[in-house]
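*Asks:* In case you want the letters, here they are:
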Amino acid sequence: MSKELPISLRVNGQLQRFFAPAHWTLLEVLRYRLNLTGSKQGCDKGDCGACTVLVKGKPVLSCLALIGQIAQDDVLTIEGLAQPTKLHPVQDAFDECGALQCGFCQSGMMMSAVALLEENKEPTVQEINEALGGNLCRCTGYTKIIEAVQVAAKTLKEEDVSGETL
Amino acid sequence: MSTKVRGEGPVDSRERTTVVNQGRAEAQWDIEEDRSVRAEISSPPGGGIIGKGLRKVEGASKAIGRAIYADDITRPGMLHGKILRSPHAHARIKGIDVSDALALEGVEAVITGADLPGKYGIIPWTHDETALAQEKVLFVGDEVAAVAAIDEDTANAALRLIKVEYEVLEAIYDPQEALANADNKINEFAKRGNITKRVALDFGDVDAALEASACVVEEDYFFCGNTHAPIEPHCTVAEFEPRSRNGQGQLTVWSSTQIPHYLHRELSRVLGLSPSRVRVIQPVLGGAFGGKSDPFSLEFCAAKLAMTTGRPVKFLFTREEVFYAHRGRHPMEMKFEVGCDNMGKIKGVRSQILIDGGAYASYGLVTAYYSGQLLTGPYHFPNYAFDSTRVYTNKPPCGPKRGHGSVQPRFAFEVALDEVATQLGIDPVEIRRLNYQGESTQTVNGQRITSNGFDMCLDSVEKASDWKKRHGKLPRGKGLGIVGSMYISGTNYPIYPNTMPQAAIQLQLDRSGKVTVFTGASDIGQGSDSVVAYIVCEELGCELEDVRVVAADTDLCPVDLGAYSSRVTFMIGNACIDAAKKLRKKIQEAVGEFWELPPKQVALAGGFALHIKDTGRSIPLREAFQLAESKFGTLGSVGSYNTPKLGGDYRGGTIGASPAYSFTAHVAEVDVDEETGIIEVNKIWVAHDCGRALNPVLVEGQMEGSAYMGFAEAFMEEHVFYEEGIPAGLHKGPSLLDYRIPTSEDTPELEALIVESFDPEGPYGAKEAGEGPLHPSIPAIANAVYDAVGIRLRRMPFSPSSVLRLLNEQEG
Amino acid sequence: MLRLPVFEHHSPVGIDAALELLGEFSRRDEAVKVIAGGTDLVPNMKHEIETPQHVVSLKHLGLEGVEREGNEIVIGAMTSLESLLKDPLVEEFLPALRQAVREIAGPQLRVMGTIGGNVCLNTRCLYINQTYFWRSSLGFCIKKDGDVCHVVKGGKRCVAAASNDSALPLMLYGAQLVLRKLGQERIVALRDFYTKDGVNNREIEPDEILTQIRVPIPDQSVSCGFEKLRVRKAIDFPLLNAAVLIDRNADGMVERAEMVIGTLGPRPKLVSIKASQLGGVLDDDLITKLARKARSGNKPLTSIATDPQWRRDMIPVLIKRILKRF
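Chains as they are written, first to last, in my numbering: chain X, 1 to 166; chain L, 1 to 812; chain Z, 1 to 326.
Hint data in this document are derived by calculation from the structure and do not stem from the laboratory.
It should be emphasised that the depicted structure is a prediction, and the values quoted were computed from it without experimental measurement.
Any given hint might turn out to be false.
[As the list claims (entries may be wrong)] Each computed DSS-like pair below joins lysine-lysine, with the alpha-carbon atoms no more than 30 Å apart: (1) L:K52 to L:K585; (2) Z:K289 to L:K732; (3) L:K163 to Z:K324; (4) X:K157 to Z:K86; (5) X:K3 to Z:K181; (6) L:K473 to Z:K156; (7) Z:K33 to Z:K324; (8) L:K600 to L:K585; (9) Z:K181 to Z:K153; (10) L:K585 to X:K86; (11) L:K119 to L:K52; (12) Z:K86 to X:K121; (13) L:K732 to Z:K324; (14) L:K514 to L:K463; (15) L:K683 to Z:K33.
[To be verified] If you only want the chain X side, here are some residues facing chain L, beta carbon under 10 Å, derived: (16) T37; (17) L100; (18) N120; (19) L136; (20) G141.
No residue lacks a Cβ here, since even glycine has one placed at the ideal position from N, Cα and C.
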């Protein structure tokens, strides 16, 4: 067993302090220690994007992030996106547009979409394709996902205008 | 490499093109009338749900990351299991020593073949595999032993302490060699040499038909093997609860399976437990595509180890192990002869197909049949013969992948048909239109065709792609290709012979206003949970939020055979209508009595019971349910579906005999870079006759996903094994880095064009949509490449180097 | 899930602390790897190609950022690929580097991956970037745990392929690497950094840290470009990559031309054209000549799973495509 590291991680806004073995990845910590199972494991080693979470607002592959490398950072997972009684516009659009078939890749996909829309309020289809290029989906052929991101962009923009907070 | 931009159409207009009874030739008016009448007869009762692009019942839980998939399950005291796999492609096990592994701190149990000797297999006639190898291992990755330990690391460490002595045997990777080398038996189960199954069937007089044909194309085609690659790796959690002191107890298995019922049967058989004491639960499933429709080693190992240790045990495959579990698309070497008269009418078709099966049979018996039986539409074949042989090889076992058995011959046949069209100077759309078999007909191999919207599919893609103006007229390097296909909506062959229902539903509703649907069907992402909820809402008038779906739990739900052969919507849909109509009648009666009206005048819609003639008169549905509960007592109903008697009167005539067939046409548009050989697919138009779109968004999703998967197979995906030198039999790249599936940046624009033909027997007229639309992608791309640069792609995948080679040959 | 082997993780703060730590492990002769983004190291550790006892994080050394110092662009080794893409100095002065970085992997890997990590990317081979089980089934090779080569039968030298994209334009731009170890700093031209040994193709010690990449700002007369072939447009390593630099005088005459081709072996292959072979403007003749020159003598190997002959044929195609843009 490797030496345990003291970890102090802010996950979805909540400070988590614990010890974790150095050879655990952020994904393993999220799923099996913090019971945040929304982030998925599909490929073992950074090839599919299903484990994408936001670290300091940027999309990273939690299956490749050693827990020691992330310690003390801010992490946002799919569980931290919705309000208690209201979906995030990206989640809502994915549901509305039929982008969720088996859903297994979609937590990661939605996190990539959220990161994109943080930076780019009106992405073109090509920009969406590029931003989601690191997230494999096996069900949809991506068509409905792209549509969902466009719908979410529109909602976010409208909410922005109306001053509504997310 | 170039970058492609999708069309930036309206994003939320929800505009979709649905072709119903449009643009038909006058001569076919009778068919159109049929369809109009049929649309009315099979109409939903007016709940206003069917045909709408509603959300899925589990959509929100997936969106917020709370849907529970198998690996999200943790049980108290749970152990972790790992499987030791064979590093050899073919070897005899001389001895296994597990003592060091057992001695490792944290290891709770180790099992080997001796602990799980029971043979199994999805098809009752071909029980040719065991959870752990008995005497021989048959491919690199074959399972040898399993460990349960306190955590994954300890289990992995234990695997390296197991000593296995192997006597390495000569392995066979090439199916031709497997045929020729009958003495070197790979799987002892094979009765003759290395043959899993040979099917040779003759319909009509093909020799004479080909002899009399004005044009015969005879060519060899090769379809490479590929795999499903669902993003969720296989995972199982098993738990055994003792119930007494005499060894009795209850086994519960949560597994990422698309066939809970068959898994239930096989677990019970192999473990020697009464099926009444085995419970199989399918959690939310992260994709399957046929890749989770066999019982797998991890399910038996988890169950056995749970029984051995008394603790819950979880097995989660690594991505590499998913590639070894495989059951993917069979490689096929195909010879096709297609003969037509000088007008382009098909006179005869003959195929000879060698199917590379890998180490175990899986669904191979069915594959051998499907490779021939499912080709007899959408075109009329007056004479047809096929001779298909599936052989064992020392590679991971192949099985059913989306479009099981028929994607490969469809590729070969449709490229051959295109060649005929070229040779006769006929437009490729026209030759397909000319040979359209029509509705309400029977195929040469005895299959009953009911509804058939293939003609509308052709019209639809022809128009959408502007085919007439563009095919054959685009600048060199650009081209269009068209292909048609047919697929089943389930079959009347229930895997194991029985006369019980193939699909069943149980409904419960009460004074709360809630309706609970118990369904054995497996939602694998395609939306079957939602489909039953929509049907219940349509029939009972309730709102989607007031329906709960309890699915795929063998303790709670009536039996359904599983998510395969595109049977789910058709069969469970009919069962659900059956159950819901019974309750609907009771509610109408109760409300009718209350209002002193004939029950027929009571409508149920939008959460209310209403008087159809007087819109002012209504009560909330909850009150209607209460009236019914008062009148009839506790409310519930069951419904079921079984296929009518179908199929030709010959051995195997029922395999591929479906209550309804779906039809598809694709047009693909490509750009061929003649410098690199790289083919860029710009767009695929997908027209699919799904009978009736119960939810057009879900139907489109299936069409787009299918077309994507076909595109992926055409270019990127090949299950390759080294076949020369030392490392033979090893998968070339068992990871999602090396086995490349397309990203959003690679995938062409896909336009789904729904066609509705209103099947007389489908639920509200619906047929399948999940597998049919994959078939045409690959040959449509090949035919488009011919239009672009004049080369015929007859071997897959369409790699740039093979394209360049053909272009060079063309020049030479 | 594919698990990582056990190791100790260290997060020193400041370069001196990191160098101390590395020096200490070096003295104790304990295997150590530094980790930047981890996108190369972590999969290699999961595959047990790398099995360090210690992993030392470079995260808190302050090595991020791009700055102009006189006539040089100085890139901190820990600068993420994603931030390089957004950097105005890179965009203005090092467009070919930007082209290359843009095509590395996919969005998340560019957020995590660093320029230092890409320059120091381990060599890759079909027969090595696999799990321990897979490699044991195949028979271990020279690069790790074995003594044979599966690419070159009977080969005694590892030929795993340089697969980093950023190195190609950086070599042509004349980039220099600043390497530090305890009490010592050295500067190495990137062109001299790579060796022919696929086991370890980088001239860097385990206790050394790459801190900076210093790139002279090219003259206005310089054109430099990058092209790459891969199967997928994201989540993929190059099947073949190439960069070309030319320098033209005021009359448009080509005075200098250099090309570098990756993935052919452990070292990106530099092809310099003698001034005597140049002269004249960049017309189709010269483009063809340069493209042919790039192709000659190169034999792609089966270390990358694509028809080697096709990859060889693609060398001039890539070179031409770059030159046509100039």
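*Asks:* So, for every hint listed, does it hold in this structure?
*Replies:* Verification of the supplied hints:
no.: 1; hint: L:K52 to L:K585; verdict: 24 Å, holds
no.: 2; hint: Z:K289 to L:K732; verdict: 37 Å, violated
no.: 3; hint: L:K163 to Z:K324; verdict: 60 Å, violated
no.: 4; hint: X:K157 to Z:K86; verdict: 24 Å, holds
no.: 5; hint: X:K3 to Z:K181; verdict: 26 Å, holds
no.: 6; hint: L:K473 to Z:K156; verdict: 56 Å, violated
no.: 7; hint: Z:K33 to Z:K324; verdict: 42 Å, violated
no.: 8; hint: L:K600 to L:K585; verdict: 9 Å, holds
no.: 9; hint: Z:K181 to Z:K153; verdict: 38 Å, violated
no.: 10; hint: L:K585 to X:K86; verdict: 37 Å, violated
no.: 11; hint: L:K119 to L:K52; verdict: 47 Å, violated
no.: 12; hint: Z:K86 to X:K121; verdict: 17 Å, holds
no.: 13; hint: L:K732 to Z:K324; verdict: 37 Å, violated
no.: 14; hint: L:K514 to L:K463; verdict: 46 Å, violated
no.: 15; hint: L:K683 to Z:K33; verdict: 47 Å, violated
no.: 16; hint: T37; verdict: 4 Å, holds
no.: 17; hint: L100; verdict: 5 Å, holds
no.: 18; hint: N120; verdict: 15 Å, violated
no.: 19; hint: L136; verdict: 6 Å, holds
no.: 20; hint: G141; verdict: 3 Å, holds
Hint violations for this structure: numbers 2, 3, 6, 7, 9, 10, 11, 13, 14, 15 and 18, all remaining hints satisfied.
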